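Enquirer: So the chains spell out like this:
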Amino acid sequence: MTLETAHLPADQIAVRCRGVTKSYGQGSSQVTALRGIDLDVRRGELLMLVGPSGCGKTTLISVIAGILDQNRGECTVFGHDFKAMRQNDRTKYRGQMIGFVFQSFNLLPTLTAAENVSVPLLINGMPRRQALAKAKKELAGVGLGERANSLPAELSGGQQQRVAIARALVHDPKLIVCDEPTSALDHATGQKIMEILRGVGVASDRALVIVTHDNRIFQFADRIVKMDDGQVVGTLDSPDELRAQADAVRTGAAERTTEESVS
Amino acid sequence: MNFVALKMLVGDRAKYLGIVMGITFASLLITQQAAIFVGLMGRTYGSISDLGLPDIWVMDPKVQFIDDIKPLQDTQLLRVRGVKGVDWAVPLYKGLLKARLEDGTFQTCNVIGLDDATLIGGPPLMIKGKLEDLRRADSVIVDDVGAAGKLAHPSATGKPRPLVPGDTLELNDHRAMVVGICKVSRTFQSQPTVYTTYERATLFAPRERKLLSFVLVKAKPGQDLAVLRHRIEATTGLSAYTQQGFINKTWWYFFDNTGIPINFAISVALGFVVGTAIAGQTFYSFTLENLRQFGALKAMGTPTGTLLRMILLQAVLVGAIGYGLGVGLACLSGWAARNTELSFVLPWQLMLASALAIVVICILSSLLSIWKVIHLEPAIVFKQ
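From first to last, the protein sequence lines stand for chains S and W. First residue of the first sequence: 2, per the numbering used here; consecutive thereafter. First residue of the second sequence: 2, per the numbering used here; consecutive thereafter.
Looking at chain S on its own, in the form it has when it is part of the complex (with noise of 0.2 Å):
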């Protein structure tokens, strides 16, 4: 497939991954969760990558955020190749050009909203209390100023999922990266998460990349990659699209369903 991307220079390219192979397990037992994936991220751009569950999805944002090695193809955030570096410049380049958001919120229970907020800023040997007042600020752009000295057991889901978003924030990283960040979440919350991040976390020198089942929140996505079997087999730009395909293949699996009862 020809990526529409291809011709963009790269300094408009966040992310871009030509041939990523990954398997896991080897012998009879090796299972290939990333066949030759060719991806490219824009610069200022959300995308979510879509597709059923075992298609690859975390498998590729893990090898993007640099926390996976690819066996085969090459993959570069902002120019800068993981497999390529030294474990120390890795982590480190991590710290400092990469935000997450995981699907369990994984705050630290002990701290308080603005400790966890703090922890990226404290990794890049930021001092505790400017950190800290730096965090409650972000804690503010969430909607969570009143909330920084709550424990992560004290907020609700959503506050949990906005507190990790303030966390994959606070250090301005380049990259934010996604996973599943409203499936733990109601549908209200689950939009208004996706509100924050789209008001907050989009910006002309950044990338979102989203992993999602979720089509409630395709309206949010500047581009849509469907992924299946490990490959990347549709690029959509627009939401409606997909959500309308979504949509199908659930009504149709549905209407199989009453047929089956019925006869």
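Hints are computed from structural coordinates only; laboratory data are not their basis. Quantities reported herein were computed from a predicted structural model and do not represent experimental measurements. Ideal Cβ positions, reconstructed from N, Cα and C, are used throughout, including at glycine. There's no promise every hint is true.
[Claimed, not checked] Cβ-to-Cβ under 10 Å is the rule here; a few derived chain W residues that face chain S:
#1 K299
#2 M301
#3 G302
#4 T307
#5 P379
#6 V382
Put chain W on the given structure of chain S with help from the hints.
Expert: Only chain W this time, still in chain S's reference frame:
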């Protein structure tokens, strides 16, 4: 990130207290048992260390420790005095004699006979009376613990009355009058110590051909003790030890020939093993529970070295608190038992050894956690 490590640790109260308690228990058991061992072994040479004045102890070559008396002929004293470099030499009697108490019961006493002229070798501290009172007829000085305990007079109220100057004893069928009460180091056998003069002690003692237990020697100023010791041995055919040498000989005799070390070593080892097991298991389980958090930190760019430092900091913190609590409790138990027969001596060397043991426990406890975190795949954070 130290702050994050500490909050992760103390935030989980149950685990945190579990680890601290494990290390406290280990520290307490190791320190207390070792302190009792040191105290007990110290009692083996209390009679030697109480005599500060002499430089060299001369004795029969077959003597193995302070209570292993093999008497010398009195003439040996004169031979020792004749050795070049000896400033003075005095006799010392040491033997076990039976004292008959007022109620008719007998009590074995550790009788020490001092040189009649100089009274060298007397108790380190007099509580009542004076050492010179030993020059009075039939006089003896009794240690305070013996006077208040095994040698105490029965009374009408049923509660024994401690011996005081003026009371009398019957030592081996000889009348002895208490003229003073002294304080001495406790001895291994815990028998009352009775001081008297050398001549009187030989009268109290059963008739034997030889009664001189030791010759205490003071070297002339500037005299090398090792040289003098060898000279005494060469001249007299006897054994001569510096005070520290005799202490060491006695200490090692008890160490090598009694079950004391092995019994205490088992207790100390038990404390070490149980402490390591409790602390290690709890610490590992704490790390396992926080594995996802460690994975998130790793994914967010925390270097593995920083994560290891965080774990070590957590181990150091619980180690320091557990050690402090354990040693504190050990000291408290020693203080509470200060007036009992329990021997408890806690020198700084022992505290250091105990601290090293706790460091080893902390390292062992955190090793599993460190291994787990080093091999932790940060992609774990993307798994449900």
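Enquirer: All the hints need checking, so say for each whether the structure fits it.
Expert: Okay, the hints, checked on the actual structure:
no.	hint	result
1	K299	holds (8 Å)
2	M301	holds (6 Å)
3	G302	holds (2 Å)
4	T307	holds (8 Å)
5	P379	holds (4 Å)
6	V382	holds (6 Å)
The structure fails none of the hints (numbered hints given earlier).
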